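Q: For reference, the chains in residue letters:
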Amino acid sequence: MELKQGTLDLLILRILLSGKRHGYGIVKRIQFLSNEMLNVGQGSMYPALHRLERKGWVKSSREETEKGKVTKFYRLTARGRKQVEKEKQAWHDFISVINRVLEEG
Amino acid sequence: MTKHIFPQGALELVILRILKNGSNHGWGISQKIHLLSKDVLKVEEGSLYPALARMVQKGWIESEWGVSENNRRAKYYKLTSLGRKRLSSEQENWEAMAAAIADILGMAGS
Amino acid sequence: MELIHYIRKSFGNLFQRRRLNEEMTEEMEHHLSMSIDRYEQEGMSPDEARRAAMRDFGGVGKLQEEVRDAWGTLVVMDLIRDSRYALRLLCKSKIFTLATVLILGLCIAGNAIVFSILHSILGPPSYPDPDQVVEIYNSYPGTGLDRMSSNIAQYLDYSENTSVFEQLSLVDETTVNLSSALGTVRGTGLRVTKEYFDMFRTRPLVGRFFVDEDFDHNDNSSLILTEAYWRNHFAGSSDVVGETLVFHGKPFTIIGVAPQAASAHFGALSFFQAWTWDVQRTEFYKERRHRNYTNLWGRLKAGVTVDQAKAQIDALDQRYVQQVSQEQRDSLNRQKHETKLETFQQTRQYRYGASLYLLQGSVLLVLLIGCINILNLQLTRGAGRSTEYAMRKSLGASRLALFRQVLIESGLLSLGSCLLGLLAGWWGLSLVNQFLLPDLWSGLSSIELSATSVWRVLFLSIGIALLLGVFSIVPVLKEGLSISIRESSRKTTASRSMVNFRSFLVSSQLALSLILLIGSGLLLQSFFNALNRDSGFDARDVKTASLELSWNYSSREKVSQFYSRLKTSLRSLPGIESAALATKLPSLEGEGYQNWSIFPGKSELDAMAGSNSSNIVFVSEGYFEALKIPLLEGRLFTAADTENPTRNVVVDRNFAEHFFPGQSPIGQQVYDERDRKSEYACTIIGVVENVSHNGLDRGDGLSATSGRYPLLYYPLNFNYTPREFSFLVRSKRSFSELLDLARENIKDLDPQLPLFLAGELDQMVDESLNDRRAFMLLISILGAMALLLSGIGVYGTLSYDVSQRVKEIGIRVAIGASRTLILKKILSQGFRKAMVGIAVGLMGAWILSDRLSDFLFQVSPLDPIAYIGVSLFLLAVAFIASYAPARKATLVDPIEALRSE
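Residue numbers (numbering that gives the first Met the number 0), protein chains in the order written: chain R, 0 to 104; chain X, 0 to 109; chain A, 0 to 900.
Do not rely on the hints blindly, as some may be mistaken.
Said to hold, decoys possible - Just a sample of chain X residues kept apart from chain A, beta carbon distances all over 10 Å, derived:
hint, residue
1, G8
2, N23
3, H24
4, V55
5, A73
6, E89
Claimed, not checked - Quick list of in silico lysine-lysine cross-link-like pairs, DSSO-like style, CA-CA up to 30 Å:
hint, chain 1, residue 1, chain 2, residue 2
7, X, K84, A, K8
8, X, K31, A, K8
9, A, K8, X, K19
10, A, K91, A, K806
11, X, K74, A, K61
12, A, K61, R, K85
13, X, K77, R, K87
14, X, K74, R, K85
15, R, K85, R, K66
16, X, K31, A, K61
17, A, K8, A, K93
18, A, K61, A, K8
19, R, K81, R, K19
20, X, K19, A, K61
21, A, K731, A, K93
22, A, K61, R, K54
23, R, K85, R, K68
24, X, K77, A, K8
25, X, K74, A, K8
26, R, K87, R, K27
27, A, K61, X, K77
Claimed, not checked - Label pairs and their in silico Cβ distance ranges:
hint, chain 1, residue 1, chain 2, residue 2, range
28, A, F458, R, K66, 45 to 53 Å
29, R, S17, A, R398, 39 to 47 Å
30, X, S87, A, F458, 48 to 56 Å
31, A, L78, X, L34, 20 to 28 Å
32, R, G18, X, L34, 41 to 49 Å
33, A, F458, X, L34, 30 to 38 Å
34, X, L34, R, R74, 50 to 58 Å
35, R, R50, A, V59, 47 to 55 Å
Worth flagging that the hints you see were computed from the coordinates, not collected in a lab.
Just so we're clear, the structure is a prediction, and the values are computed from it rather than from any experiment.
For each residue, glycine too, the CB sits at the ideal point set by N, CA and C.
Given these sequences and hints, build the entire structure.
A: Right, here's the structure in full:
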């Protein structure tokens, strides 16, 4: 299933909560945690990271990977950390509303 | 600003589910969404219409003109058999995705 | 499903944009007004309420754009715009467009026709589960008799002792004189056993099918009509039940009408009769299990495979073999007897498959040749267009956009050719139905342009056009677009590899044509071989007709009395040179012809092995004279031989040489299979020259082993008085005049006797070659198409070459090359291409020649005359096609050519 922007932002923020990662790492992590249910294309991942960086929720730095290659790593800012909580709440509200609609019509 | 969190697929799913209870016009559907979401979904009411047009195009719903409660001409939408099929498969998809996201939200930190 | 809905809707919306717009506005206004109402009820002022409602709703303009996007009309409009552009371009290059559509269209028409023929002949028959219905027949490969029919004994044996059949039915085709209020005509029907209609799972359209009572041997006068006969003669009236039809003077009562599915295996049928036989006949056939005169059909039980059924039948055959005498056992083993099971589709495949696939192969070959032509055209055009492409690219069109342009162009071309193809195919099929159907596939009523073939053709043409389109743009894209914009299109010198590729195309085209032309050449030769073959008899001025006496002629005496009265009556007609009766006419198909006789000490089964058997025909005196068959030795029949049977027989040269080599057969004794005793011996009184009996285009051997087949002439009336026979008269008078007179005379003898198979013998013999003629014609038409297309190909390629090399030629002329030299040079180019094509084509024809051998007559599939003749012919065509461009090259004015630099 396709992920929409907002949801993807939330997922990225949530993943980065546990520490810095590079873009590919985030994609893999999402796949792993969702048992391959959610497939995030590289194409939507990088614009999302860029957007989050512009909003100041994420910052990036060039670092060496464990394999010795230099790439961009992303980590949460303090504002980003607060944003995770907000987004999470919104998501929970949203899920419960949709579920209510599906149950009651 | 939580508007962006309302994915297009979810809006269509909600519309399908509401129309399952009987045909309705755009205003009626928007009121249902308001009522059920208790304003959690701060969706622009108008964005309902592109969604409805897309669904007509895909053959999930069809429209016909009728008269609304206050005696005004209004376009009523109702599910087609294709739409009925879509509703159940979309619902399954939705549940699977919601569960997957919930997994990530709960476990990513650990 | 969803996609189809989307596309349909998008196109539909295109024409309703205004309505959709109005409705969208109205709908949104409705929403806003509802919203405003509510806010006003909450106590807001109208202005405030409107503002609040608008805020809730969001940006109306943006939302309306989104809704319009959803209608999908934008994509469609893009498509239309591109198509319009492509159409304009195609109209600009009229010759290219016309040539492509014409060539592809005609090739597609050919394919549509052949697809349809293939589909209606080899497709499944119309009754349910056709794969479960099988014909059960005997095969004796040891004697070359691969497909004989079946018999009562097998029907009874398999009905009682197998468990695999739901129904088994014995079927016998019969032709009778059918009398109704409208007069007497010949009608063909089936005598069937009770299970027949259940086997096809049909229900009567009117009335009922046969029940047990209808099979009472002493009173089986029930009749079922076929749907076709019922519609033609009774206008489909349901009152038909209870009506009477008279067969050979005996009345039959109609009890029902059977739907078309019950006649699916046969040609034009009129009726079904309940078939019964008495105990004696059962006993007779039980002792003669391999006398095959009837067809046996069966429906397998659901889930039973053909192999399972065959296993049970093999076991019963084995049991039978154990019961018979050693002699019979040995004979059956020698003949390698096997009972075979086959569905109707397999039978058709066997009968028509080879010729149909040959036809399909040929028509695909023509398509391939046509495609090469179009590819050539595209390449020529593509080379000229590289400037246009480069221009568009530099103006910002993406590679994808150019590609899409080419795809749309190709799509339009294919659509055009497809339309033309279907139209021409439909027309062609009506021609096929009218002229070829009765000759080639007489069992079929008509061939329709089937939906499957339309689809196949559609896919085929679209696929081809796209492929060719892509092919044509790839070299242009590869050659680098930026360079060509600076050069003028004229000067774009085709690269070396391009020239080679195009030479390859032309040569392969010629090679393919050669294959097809050699095929049609061989068929043509076979046809003329058959036509000009010395038949051994003179059919000119001979008129003939056949008749069948009714059952009222119950005794031999009555029949033979009719013979002599008819002879006398015919001979009394004015202007008659001679008149005679016979059971079969030479070179035409007929009843009771392929019999065999047994000669001393041989069994009936051995006769089937071929070495001791002979064809027999019963003729009256005057027969040899009427046909001008020369007498070699002894004497011919006289009236005395046939009026009062004398046991004298006449044989042909084959017979004399086969049975009495090196001695005179006159006075020798021969025995017939039915009277294998010496006191019934017949004496040979004369030897006549061989005639072609089985048909002009067939060998006279019944079996593959003997090659020649001897023929024995019995005097008509000898111990066999057939009720069905033909008469022939030699006269210079016109046929219709004579026929009218003969009819009058015959009416005097018997008022209810229709004449059939009436005509001039030479014409009828000629018409007997119609199937060969039709097939040859079809292949020749395809050959001619191939020839024309490859001629165009050679011409087109060379013209293009010349036009590209104007400058070079100009320089050559300027430095002193003579015009003859230029002419020679261009011609030799065409010649080289043709030679390569012919060499490859000869090889291909040699490899494929085997496929054709079944269709040839007295010509080898590797016949040097055909190979050399066709090659020379093709060379000549290539020469003619090269001459025009070569001539143009000699007219190049060096100054003009160099100035255009």
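Q: Going back to the hint list, which numbers does this structure go against?
A: The structure conflicts with hints 3, 4, 5, 13, 14, 15, 17, 21, 23, 30, 31, 33, 34 and 35, although it agrees with all the remaining ones.
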